[in-house]
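Participant: Residues per chain, in single letters:
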Amino acid sequence: MIAATEAAGWAGMQFFGRTTASVSHELKNALAIIKENAGLLNDYLLMMDKGMPLEPDRLRLVTGRIDQQTQRADDLIRHLNRFGHSVDEKFTSVDLNEVLALLAALSSREVSMQQATLNTEVEASPVMVKTTPFWLLTLLGHCLSFALQVMGPSKDLVVRVTKTEDGGLIRFEQLEKMRQHPFPGESESALFEVLGATYRTEPEKKCMEIKLSNC
Amino acid sequence: MSEKILLVDDETDFLEVMSERMGNRGMEVTTAESAQKALQEVEKGGFDAIVLDLMMPGMDGLEALKRIKEKRPSLQVILLSGQATLEKGIEAMKLGAMDFIEKPADINELTEKIRKAKAQKMVLVDKEMESKLKSIINAKGW
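Keeping their order, the protein sequence lines are chains R and X. So for the first sequence, this note's numbering puts the first residue at 1; every next one is plus one. So for the second sequence, this note's numbering puts the first residue at 1; every next one is plus one.
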């Protein structure tokens with residue numbers, strides 16, 4: 001168990017690093033667009049000083065972009081903040097619907113870099129499980145990376161939350177090439193152990209599911 | 001004569017605003033949203049410099065840089081990145097990038113680098129022409 005905890009801890013650190021690097025990269029992109037649009041407004045002012053007329057529609061376009069990118073940056077920071085708070089409690093009740101939504105938000109760049117589409121399907125009501133939220137996110141992050149590696153040519157992934165009698169499960173679907181790649185690896189095995197979670201792979205159905213309990 | 005630039009980035013909002021700002025500074029800008037589209041534009045030729053994002057879906061900036069240099073060795077490439085690590089910078093220079101800038105970039109700094117890129121390209125093109133002429137002269141025995 002000590003070895004599993006250490007391995008899970010290190011996997012968590014790596015996931016933390018990878019996630020913050022990815023989100024901060026996206027933030028930089030949003031800030032770059034805001035900066036350039038602010039610069040463009042400055043360009044328009046200089047042009048006005050030289051007597052060139054300014055079309056209100058152009059201004060609206062620029063301010064619209066600034067507004068949109070500010071919202072994007074705010075969303076990114078909000079998700080990063082929630083991720084940061086996932087270590088507040090070592091063992092607590094969480095809603096798998098919300099965990100999946102956060103995972104999707106944190107992984108959006110990883111998914112788009114693979115030119116893939118991630119479709120999430122959640123239950124209408126909360127699916128509560130008792131777990132270590134940060135390690136759960138780490139495990140699901142690893143599972144998503146695996147799913148991106150083994151997805152089919154359509155590059156469409158589906159991740160689904162389903163309520164069970166004693167908790168819930170998260171199912172990764174359309175894993176066309178899963179037979180060709182070993183899973184779980186050392187990190188994932190350690191995470192399953194420390195989380196007390198179980199998994200099942202169904203290569204014929206091209207899916208994999210992780211089961212968690214609310215006890 | 002204005003600089004002819006190919007601007008490559010997967011963020012369309014960034015492409016739109018940068019191409020307008022560069023256009024306001026007298027440059028002729030073509031945009032491409034992916035490395036693949038950029039390579040198609042490079043095939044058409046006529047660019048003085050390329051401003052290329054490092055991290056893009058599919059083919060990334062470093063792979064695109066390699067292929068651009070294979071097709072058009074004299075074309076100057078300036079890499080833009082949201083995460084300008086020393087490691088990536090060195091790799092980019094080894095592959096033949098002219099420069100490596102971190103986003104958000106200062107437009108005046110970028111404009112200056114583009115002007116230098118055009119000048120550098122002209123020097124290389126002149127050298128290439130000179131070399132070709134020498135080959136012809138030698139071949140003819142003049």
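Please keep in mind that the hints were generated in silico from the structure rather than gathered at the bench. Hints may contain errors.
As the list claims (entries may be wrong) - Taking lysine-lysine pairs in the BS3-like style, the calculated list, with each CA pair at most 30 Å apart, reads:
id	chain 1	residue 1	chain 2	residue 2
1	X	K4	R	K28
2	X	K88	R	K28
3	R	K177	R	K155
Participant: Compare the structure with each hint and give your call.
Facilitator: Hints, one by one, checked against the model:
no.: 1; hint: X:K4 with R:K28; in the structure: holds, 27 Å
no.: 2; hint: X:K88 with R:K28; in the structure: holds, 17 Å
no.: 3; hint: R:K177 with R:K155; in the structure: holds, 12 Å
Violated hints for the displayed structure: none, as all numbered hints are satisfied.
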